[in-house]
Amino acid sequence: MPNKTALPSRRRILRAASVALGAAATSSFHVTRASAAAYPERPIKIVVPFAPAGPTDIIARILGQNLGAALGGNVIVENRPGAGGNIGIGYVAHAEADGYALLVISSAFVVNPGLYAKSLTTLSRILRRSPNSAPRRMRSWFLPGSASTRSRN
Amino acid sequence: MIARAKAKPNEFNYASPGAGTTPHLSAEFLKIVGGIEMTHVPFSGAAPAIQALLAGTTQVAVSALPAVLGFIQSGELKALAVTGAHRWIDLPDVPTMVELGYKDFIAETLQFFLAPAKTPPDIVEKLSAKSLEVLKRPEIVDQLRSNGYEVIANGPQGLRQRIETEVPKWRDVIAKAGIKPV
Numbered sequence: 404m405p406n407k408t409a410l411p412s413r414r415r416i417l418r419a420a421s422v423a424l425g426a427a428a429t430s431s432f433h434v435t436r437a438s439a440a441a442y443p444e445r446p447i448k449i450v451v452p453f454a455p456a457g458p459t460d461i462i463a464r465i466l467g468q469n470l471g472a473a474l475g476g477n478v479i480v481e482n483r484p485g486a487g488g489n490i491g492i493g494y495v496a497h498a499e500a501d502g503y504a505l506l507v508i509s510s511a512f513v514v515n516p517g518l519y520a521k522s523l524t525t526l527s528r529i530l531r532r533s534p535n536s537a538p539r540r541m542r543s544w545f546l547p548g549s550a551s552t553r554s555r556n
Numbered sequence: 054m055i056a057r058a059k060a061k062p063n064e065f066n067y068a069s070p071g072a073g074t075t076p077h078l079s080a081e082f083l084k085i086v087g088g089i090e091m092t093h094v095p096f097s098g099a100a101p102a103i104q105a106l107l108a109g110t111t112q113v114a115v116s117a118l119p120a121v122l123g124f125i126q127s128g129e130l131k132a133l134a135v136t137g138a139h140r141w142i143d144l145p146d147v148p149t150m151v152e153l154g155y156k157d158f159i160a161e162t163l164q165f166f167l168a169p170a171k172t173p174p175d176i177v178e179k180l181s182a183k184s185l186e187v188l189k190r191p192e193i194v195d196q197l198r199s200n201g202y203e204v205i206a207n208g209p210q211g212l213r214q215r216i217e218t219e220v221p222k223w224r225d226v227i228a229k230a231g232i233k234p235v
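Residue numbers (our numbering), protein chains in the order written: chain X, 404 to 556; chain Y, 54 to 235.
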């Protein structure tokens with residue numbers, strides 16, 4: 404099994420995962436902690452960073468209910484509102500990356516990098532290195548599962 | 054509404070689903086291009102924002118369609134405009150901002166489905182395949198449409214590209230609307 408000698412960097416993991424997603428091929432990232440064949444073995448949590456009954460909550464519940472049935476498991480929706488969505492984003496970003504904590508998020512995900520300058524000051528070193536890389540930290544936190552929907556304002 | 058807001062500056066408070074949401078940015082952009090003043094009242098999501106509007110706490114609100122479609126169809130709320138590129142199929146009488154003369158005023162709220170970056174690729178692949186399958190079912194497309202959603206479901210690579218184009222787009226809107234990062 405390749406690449407088992409050292410912990411791969413986050414970016415390397417991201418790259419490996421992207422390749423696997425695009426080609427559905429074997430990747431160097433075989434040191435998985437959970438097996439897709441057995442997944443899900445317990446309820447999957449979808450975090451919604453806004454209050455119940457809003458647009459993000461509604462789509463999360465419709466998707467979650469049907470996705471749970473399609474996966475042969477249960478999907479529960481948990482609302483974690485606050486800080487324009489950043490609380491829920493941060494919760495999932497730092498959750499165990501085992502497929503049991505997922506995120507459904509509105510366009511706040513693509514707006515917040517341009518809006519919450521102060522809350523992202525710890526990223527200033529990254530920002531200075533590459534002016535267009537404000538979302539890099541967010542990109543490195545998340546892999547897109549699938550695009551879902553859009554709604555008109 | 055624009056004429057009245059111009060006649061009586063600051064008469065309008067507007068509810069939004071929160072600071073930094075696309076409805077908030079759309080309203081701030083409207084203040085600029087419409088030349089009006091309104092006071093922003095942010096809530097922790099569209100549902101409480103719309104409750105405030107229904108209760109008369111604010112005079113207007115900006116929201117993604119799913120939170121308001123039922124209230125519009127029941128007549129409890131009056132839709133002034135949609136910010137999408139085209140009229141919403143189930144609200145054929147509500148004009149777009151572009152039709153009202155606001156050139157390039159197109160704002161759509163996207164919903165993203167994401168997993169932490171270190172999630173094993175085979176699990177991401179399974180989640181992606183199943184969620185795309187679900188989202189493309191005709192009955193789900195219909196159910197979502199009746200709730201105010203249009204399905205895109207373009208998969209991980211398409212979503213990755215969309216995220217990378219959306220971030221600079223909204224950064225530009227934030228700059229043009231003069232919103233200071235918080």
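By construction, these hints were calculated from the structure, which means they are not laboratory data.
Note that beta-carbon positions come from the ideal geometry of N, C-alpha and C, so glycine has one too.
Check each hint, because a few of them may be wrong.
Claimed, not checked - Taking lysine-lysine and the DSS-like style, the derived pairs with C-alpha atoms no more than 27 Å apart in a straight line are:
(1) X:K448 / Y:K183
(2) Y:K171 / Y:K156
(3) X:K448 / Y:K171
(4) Y:K84 / X:K448
Unchecked claim - Residues on chain Y that point at chain X, a partial pick, calculated with CB under 8 Å:
(5) P119
(6) G123
(7) I125
(8) T162
(9) F165
(10) K171
(11) S199
(12) I216
Quick rundown of the hints versus the structure:
| no. | hint | in the structure |
| --- | --- | --- |
| 1 | X:K448 / Y:K183 | holds, 16 Å |
| 2 | Y:K171 / Y:K156 | violated, 42 Å |
| 3 | X:K448 / Y:K171 | holds, 17 Å |
| 4 | Y:K84 / X:K448 | violated, 39 Å |
| 5 | P119 | holds, 4 Å |
| 6 | G123 | violated, 11 Å |
| 7 | I125 | violated, 11 Å |
| 8 | T162 | holds, 5 Å |
| 9 | F165 | holds, 5 Å |
| 10 | K171 | holds, 4 Å |
| 11 | S199 | violated, 11 Å |
| 12 | I216 | holds, 6 Å |
Checked against the numbered hints above, the structure violates hints 2, 4, 6, 7, 11; every other hint is satisfied.
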